[in-house]
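There are 2 protein chains.
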Amino acid sequence: MAFTLTLLGVGSALPANNRNPSAQFLQTGNTGILIDCGEGTQMQLRKCRIGFQKIHHIFISHLHGDHYLGLMGLLWSMNLLGRKIALNLYGPKALEKIIALQLTSSSSRLDFELRFKALDHGAPEVLFENKKLTLSSFPLKHKIPCSGLLVKEKQGPLRLIPAKLIKYDVPTYLRNGLKEGRDFIDPESGARIKNSIFTLPPSPVVSYAYCSDTAFSETLPDFIRNVTVLYHEATFLEEDAVRAKRTKHSTAAQAATIAKLSNAGQLILGHYSNRYDSLLTFLIEAEAVFHNTILGEEAHSYPVRIPGK
Amino acid sequence: MAFTLTLLGVGSALPANNRNPSAQFLQTGNTGILIDCGEGTQMQLRKCRIGFQKIHHIFISHLHGDHYLGLMGLLWSMNLLGRKIALNLYGPKALEKIIALQLTSSSSRLDFELRFKALDHGAPEVLFENKKLTLSSFPLKHKIPCSGLLVKEKQGPLRLIPAKLIKYDVPTYLRNGLKEGRDFIDPESGARIKNSIFTLPPSPVVSYAYCSDTAFSETLPDFIRNVTVLYHEATFLEEDAVRAKRTKHSTAAQAATIAKLSNAGQLILGHYSNRYDSLLTFLIEAEAVFHNTILGEEAHSYPVRIPGK
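Heads up: the protein sequence lines correspond to chains X and R, in order. Position 34 of the first sequence, counting from 1, maps to 34 under this note's numbering, and the rest follow consecutively. Position 269 of the second sequence, counting from 1, maps to 1269 under this note's numbering, and the rest follow consecutively.
Any given hint could be a false lead.
Covered stretches of chain R (chain X as the covering partner; in silico rule of three or more C-beta atoms under 8 Å from a C-beta of chain X) [claimed, not checked]: (1) 1006–1015; (2) 1065–1078; (3) 1090–1098; (4) 1123–1133.
What the hints contain is simulated information worked out from the structure, not anything from laboratory work. Heads up, the beta-carbon is just placed ideally off N, CA and C, and yes, glycines get one too.
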């Protein structure tokens, strides 16, 4: 399947140049995932016409304010709007306490189930999986514990070739077996015909990785190898590479290097520092390293799909 | 002196119709006061070109999210921007814990002094005073403990009448005495001349009261008698009066009744529920009770001054 990514905030810590703090929404089939939730995320969701109840999972990468301060307001709004379905929340351990304290302090409670899972910021970990998807986290390299998110479609079954099913008169009840890789044994003659006659390999899987905030990290590509689309923070330009190192952020060229080393299909940049008004140089510096780069823009949606499909 | 009020958010709990949650900025001479700080306040301050460092006091009326969720982001931004001067913060007791937990959880600290004072929601109380101003809180009637804010200019000295000073040849060193109400005793003749010959009453004092959120409260006018400008929440229209009562909010007509009973100079409405798109009926319903009413609008500034001055 194809995912759709909508960027809600591509700014960094200070509000400026009309850029909002980090937040994005990934639609994967019927499942909606909110990735980080900076201040103002609920207003941005409204602007992008994304219903709050379409969010099934929320991932908070770390506890710097520009990545989570919109969460409490969103939870309260979901509640006011009558949400009943459970919400899966993944974030640093202290987030659960922060939410609980604010609920208690306002004598309020949520009328829906909040399934909280604390992130292990030290190692990759599966957060959730169902038949179609796996959500997993992996360590980033920031000033405080911080994780990235990898959303990966699960490999589907082998694809049947209709013409061959007809030619060999394969009964319907045996077709699922073919999809699972079994050979065809003709019920009349008993002849075994190899599976590969009837099938094509499964559709290539789509995946999306979110890396914000992080210093350049040589171990990072191992966690996101061959990812379809990579969103990687690009807080600074090369002229501010020293500052990037000191603040444990990345430059646009470093983001592109990660995309290259990971063999990513496409790179989307974001988390631009408020010191830059124009973003064109980000694109120029990244494209010099990794060609298929785009500048992430707020309130824009991007397909996450295998190139050429 | 005249105050200037800038409304930053006039919406209520749910973001809608492009209205932001509660926040406003009151400029009183050199002193800036931020009153409530809903999510997105720092973006609204930027939009209205109000520098974060111009804020000397922050008042948080209560701990419903739409009145305080922008605070943590604003504090962090002030810090990032290098604030060194102290900030006075008044709010419900638990607010101090909420801030402390979020600072600890992100291994961060503020490099400026945060002087926190917990509100007594049960009785009126002076929060701060200097030579020119008094800030005090008073109880409102809401679902959780909630306070209003009264900002009052202090009465200045008697005003001298220049023509009389010349006529009676009053030496400069005796003029302050006249301002303080003393009679003039002629240094040459020893004659006593009554103070009232030389002076006019002090300039009338300007005051501003903020009441949000509250049910209609008959005791409220006692706390804000003769206020120059009253901002009073008007969450609902008369057709939703039952809902107003149940949720402990006010209708536009109730806000106007409070303005009338308080003998306020002017009423500004705000905190409109997201269920109303057009606001004209708010004005019609309030004006029927209290003529000098205006609809509060975001990113608009209003002078707080004695009518006709």
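Hints and how they fare:
1. Beta-carbon proximity to chain X at under 8 Å applies to 3 residues in the segment 1006–1015 of chain R; the threshold of 3 is reached and the given coverage holds.
2. For the segment 1065–1078 of chain R, the stated coverage by chain X holds: 8 residues have a C-beta nearer than 8 Å to a C-beta of that chain, and at least 3 were required.
3. Counting residues of the segment 1090–1098 of chain R whose CB lies closer than 8 Å to any CB of chain X gives 5, which reaches the minimum of 3, so the coverage claim holds.
4. Residues of the segment 1123–1133 of chain R with a Cβ under 8 Å from some Cβ of chain X number 0, which does not satisfy the need for three, so the listed coverage is violated.
Figure legend: structure checked against the earlier numbered hints; the only hint not met is number 4.
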